[in-house]
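Same order as they appear, the protein sequences are chains A and B.
Mapping of the first sequence onto my numbering: residues 13 to 126, in sequence order.
Mapping of the second sequence onto my numbering: residues 61 to 177, in sequence order.
Everything labelled a hint here was simulated from the structure, so no lab data went into it.
As the structure is a prediction and not an experimental result, all values here were calculated from the model.
Where a beta carbon is used, it is the ideal one built from N, C-alpha and C, also for glycine.
Treat the hints with caution; some may be incorrect.
SDA-like cross-link-like pairs, simulated, lysine to any residue; straight-line CA separation at most 25 Å [to be verified]:
no., chain 1, residue 1, chain 2, residue 2
1, A, LYS34, B, PHE167
2, A, LYS54, B, ARG160
3, B, LYS74, B, GLN144
4, B, LYS117, A, GLY111
Taking beta-carbon pairs under 8 Å as the criterion, some of the chain A residues facing chain B (in silico) [to be verified]:
no., residue
5, ALA41
6, TYR44
7, LYS54
8, GLN57
9, ILE59
10, SER105
11, GLY111
12, ASN112
13, PHE116
14, GLY118
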Amino acid sequence: GENVEQHPSTLSVQEGDSAVIKCTYSDSASNYFPWYKQELGKGPQLIIDIRSNVGEKKDQRIAVTLNKTAKHFSLHITETQPEDSAVYFCAASKPKAAGNKLTFGGGTRVLVKP
Amino acid sequence: DTGVSQNPRHKITKRGQNVTFRCDPISEHNRLYWYRQTLGQGPEFLTYFQNEAQLEKSRLLSDRFSAERPKGSFSTLEIQRTEQGDSAMYLCASSLVSDRINTGELFFGEGSRLTVL
Chain A
13 GENVEQHPST LSVQEGDSAV IKCTYSDSAS NYFPWYKQEL GKGPQLIIDI
63 RSNVGEKKDQ RIAVTLNKTA KHFSLHITET QPEDSAVYFC AASKPKAAGN
113 KLTFGGGTRV LVKP
Chain B
61 DTGVSQNPRH KITKRGQNVT FRCDPISEHN RLYWYRQTLG QGPEFLTYFQ
111 NEAQLEKSRL LSDRFSAERP KGSFSTLEIQ RTEQGDSAMY LCASSLVSDR
161 INTGELFFGE GSRLTVL
């Protein structure tokens with residue numbers, strides 16, 4: 013089955029600095045790579061996603077890059093703010109026929125220090 | 061805006077007791093997923109339904125676990141003879157998938173936290 017590795021497990025940044033989280037996946041059939049943000053006591057919430065036919069996607073202060081050959085993808089948060097403090101999960105899934113099941117990485121706890 | 065609703069939010073039980081969690085998905089969503097999340101880990105897939113049909117179960121779902129979605133709307137996850145290792149957050153998610161629509165996005169509820177003493 014799919015295996016998703018995520019690094020680092022914790023990340024502390026100064027407000028205004030950038031944060032980068034990296035993930036690798038094992039199954040070349042995976043074609044959808046979302047990133048979820050989970051705040052304390054809440055369920056994960058999608059913040060950005062990318063499909064395998066795209067190399068980069070940006071939405072305001074967040075961007076995701078994908079390298080299909082190397083099977084890794086990254087989340088970039090620029091101009092970090094205290095409200096960006098949360099746990100971030102990367103995930104991978106295969107096409108609809110495989111159920112759209114998400115396989116999650118282990119998570120990165122991001123702390124933005126004011 | 062009615063998102064995915066889960067009840068109860070927190071359940072404390074003694075080892076050996078049975079517990080049941082309920083998930084109400086977003087109303088037009090035909091797929092429903094159950095995940096388990098232990099402290100400091102990412103969510104792990106347990107099972108999913110398309111309408112009322114349970115299409116896949118993970119090996120994590122032992123025979124003490126059973127999930128149903130009898131009318132293709134809400135779902136229940138029952139754990140029989142609970143063990144301390146069952147302590148976790150049980151997350152429900154839903155999505156809409158059709159021939160024309162398949163964003164892949166899963167919408168998660170806030171979870172039901174189980175503590176087995």
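Hint-by-hint comparison with the structure:
{"no.": "1", "hint": "LYS34/A to PHE167/B", "in the structure": "holds, 23 Å"}
{"no.": "2", "hint": "LYS54/A to ARG160/B", "in the structure": "violated, 30 Å"}
{"no.": "3", "hint": "LYS74/B to GLN144/B", "in the structure": "holds, 9 Å"}
{"no.": "4", "hint": "LYS117/B to GLY111/A", "in the structure": "holds, 11 Å"}
{"no.": "5", "hint": "ALA41", "in the structure": "violated, 14 Å"}
{"no.": "6", "hint": "TYR44", "in the structure": "holds, 4 Å"}
{"no.": "7", "hint": "LYS54", "in the structure": "holds, 5 Å"}
{"no.": "8", "hint": "GLN57", "in the structure": "holds, 7 Å"}
{"no.": "9", "hint": "ILE59", "in the structure": "violated, 11 Å"}
{"no.": "10", "hint": "SER105", "in the structure": "holds, 6 Å"}
{"no.": "11", "hint": "GLY111", "in the structure": "holds, 6 Å"}
{"no.": "12", "hint": "ASN112", "in the structure": "holds, 5 Å"}
{"no.": "13", "hint": "PHE116", "in the structure": "holds, 3 Å"}
{"no.": "14", "hint": "GLY118", "in the structure": "holds, 5 Å"}
Hint compliance for this structure: hints 2, 5 and 9 are not met, and every other hint is.
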